[in-house]
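Listed in order, the protein sequences are those of chains A and B.
Residue 78 in UniProt numbering sits at position 78 of the first sequence, with consecutive numbering throughout.
Residue 141 in UniProt numbering sits at position 141 of the second sequence, with consecutive numbering throughout.
Bear in mind the hints are in silico, worked out from the structure with no lab data behind them.
Hints may contain errors.
Pairs involving identical chains hold if they fit within one copy or between any two copies, as the list cannot separate such chains.
[Stated by the list, open to error] List of simulated lysine to aspartate or glutamate pairs, EDC-like, C-alpha gap at most 16 Å:
#	residue 1	residue 2
1	40	7
2	201	160
3	111	50
4	89	108
5	111	46
6	107	151
7	107	183
8	111	43
2 protein chains.
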Amino acid sequence: MKITIKDIAKISGVSTTTVSQILNNKGQRFSDETRRRVLKAVEEYDYNPDYFAKNMINRESKTIGMIVPDVTDLFFSKVIEGVEAYLTKKDYMILLCNSNHSHEMEKDYIKQLLNRSVAGILLASPNSLELETSLKSPYILIDRGLNTRTEGNLLVKEYDGSYESVQYLINLGHRKIGMLTNESGYYEMSERYEAYCQCLKDNNISYNETYLEDGPVTIEGGYQAAKRVLARTDITALCCGNDQMAIGAYRAAYESGLHIPNDLSIIGFDNLEISEYLNPPLTTVAQPAFEIGYTAASYLFQSINQPEAKVPNKTFGTKFIVRGSTSLVDKI
Amino acid sequence: MKITIKDIAKISGVSTTTVSQILNNKGQRFSDETRRRVLKAVEEYDYNPDYFAKNMINRESKTIGMIVPDVTDLFFSKVIEGVEAYLTKKDYMILLCNSNHSHEMEKDYIKQLLNRSVAGILLASPNSLELETSLKSPYILIDRGLNTRTEGNLLVKEYDGSYESVQYLINLGHRKIGMLTNESGYYEMSERYEAYCQCLKDNNISYNETYLEDGPVTIEGGYQAAKRVLARTDITALCCGNDQMAIGAYRAAYESGLHIPNDLSIIGFDNLEISEYLNPPLTTVAQPAFEIGYTAASYLFQSINQPEAKVPNKTFGTKFIVRGSTSLVDKI
DNA sequence: CTGAAAGCGCTTACAG
DNA sequence: CTGAAAGCGCTTACAG
């Protein structure tokens, strides 16, 4: 049987009011003697106020929900790490939901989280989300462009980052530049794709549809997509939707007998820790995953504690990192 | 203002008892008419029973806590995925804690989780843990050998897996076999190390301390450790504590001008998705991370619902996977 | 400086 | 078939 505040009150010979006030550092000053007696009993019996009873009154669950499309995705796991790092300091805990890229699951999770009275929600999903407006608890959107909200959005300069990488390839002399993207209309992917198109245009390079391939944003997805595009084209460079896809593209290139970067230049997006260790190290567009998570958590925290205040938006810059997977074009 | 059961009762003209019973499918049969009225009001006002009030009575938080040493670790994120996959089906949610390999943090988190009345705890930590016995909620230990508990342990045949990989190298003619391990006495690492020693012994190969290196079980850790051991020895093969370390070792090898596998054979442990995509693909010892998580969750669930029943232990086998990072020894 | 009592939003014997 | 009342374990005006 769990020990309750009544037990502590009885043991230390005071009322529950007193115990409660002392434990919460509230109310009037109590005599040192009383305080000591109560604290001693608490200590001795290892009393902890019941979480549910306490919350029924305080409504401070100190819990937030976080929904990600894939926990094993290296980008998102880094974001989670950032979120956790911030929230732990504040004694908050995070209810983690893995939506498996499913929009249905996301909606389900949001409902469940709301039922659990979480203090706020962190939604790291690239999907557009119509039910946003019905969300009555504070929330922050990570990496989301497709929404009508004007505050609490954390974005990354997907477009600029992607543009820069394509321009880099063009400057190296590449003209036949492929791109691996994602079919399902993910916001970031669209941005990166748009930048690709625009950059070609700005450089008077004609757009070639066969240079494009779709696939899941995973290693395997990148492998399959790259395989297809390499089989039917003679591209000299390939922009991958993200680093994971680039990793898959490496293998596709090897299997096609292509040497990176001599025969094929490859560029990723994310700058995962692992990308630096690939062979050759991957040229990529860095985005600050940990910082994104950390900032998202801090904004949410702020939004929970000052519901009236407007939550700022934030756009993170990217950084283009040249490594060994890109080189001057080698063939015409 | 949140809508309560009283509101629903008033709106549908019945008592709160009736509303509660209908919503929980309990008690006696109610007239269809009453049921319809109540359900309609619930629907219309989007009523959801308060999580805390409900739990104060039912004590079914349907929440478990999970502690991992590192969310960004590819092995653990896969385990999390498995846990999530099982628990979601059961309408449970998981409170995720990232201990950063810190034993102190683990203890803190356990305390916090207990205070929150989680239904159970999943502890994925390679640390030994003295306070286990004081854990009064159901729990399952993942990947833990150093404990005195006789049930609810999920283990992997670390020793056998490691032994097999070392023996494989020896069969290829290797005699100068290095090993990258972890200093902090992690159970799995010790097992793998013990197997390494025993296998050498069984093959009458003398143990050479300089072939050993310690490091964090990360890519960077593997890189640094491999760099050190390659700088001072002429090993022809290297067993890495896990795949992440192996990835780091790849780069160390390249920087030392060594070709894998011709100059240096490398073996990992885990079989991460990425390992197959490395260049060359990594020979490694596979362990079923997703399945481990999934099983752990199912055992915990069982243990929550039948507290008296003994929770089984389970030991997962490993599978040795030969890929391109190992070859016959090339130099004497 | 301290306590009796009301109340948070539910569920559940119990009575009718 | 349905409701009044007690109770879960807390906190908080309020009164003294």
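Taking the hints in turn, this is what the structure says about them:
1. 40 / 7: within (13 Å within a copy, 43 Å between copies)
2. 201 / 160: within (15 Å within a copy, 58 Å between copies)
3. 111 / 50: between (25 Å within a copy, 13 Å between copies)
4. 89 / 108: Between copies only: 12 Å across chains, 29 Å inside a chain, cut-off 16 Å.
5. 111 / 46: Cα proximity of residue 111 and residue 46: across copies only (11 Å, versus 35 Å in one copy).
6. 107 / 151: neither (21 Å within a copy, 38 Å between copies)
7. 107 / 183: neither (21 Å within a copy, 44 Å between copies)
8. 111 / 43: between (39 Å within a copy, 14 Å between copies)
In summary, the structure is inconsistent with hints 6 and 7 from the numbered list given earlier, while agreeing with the others.
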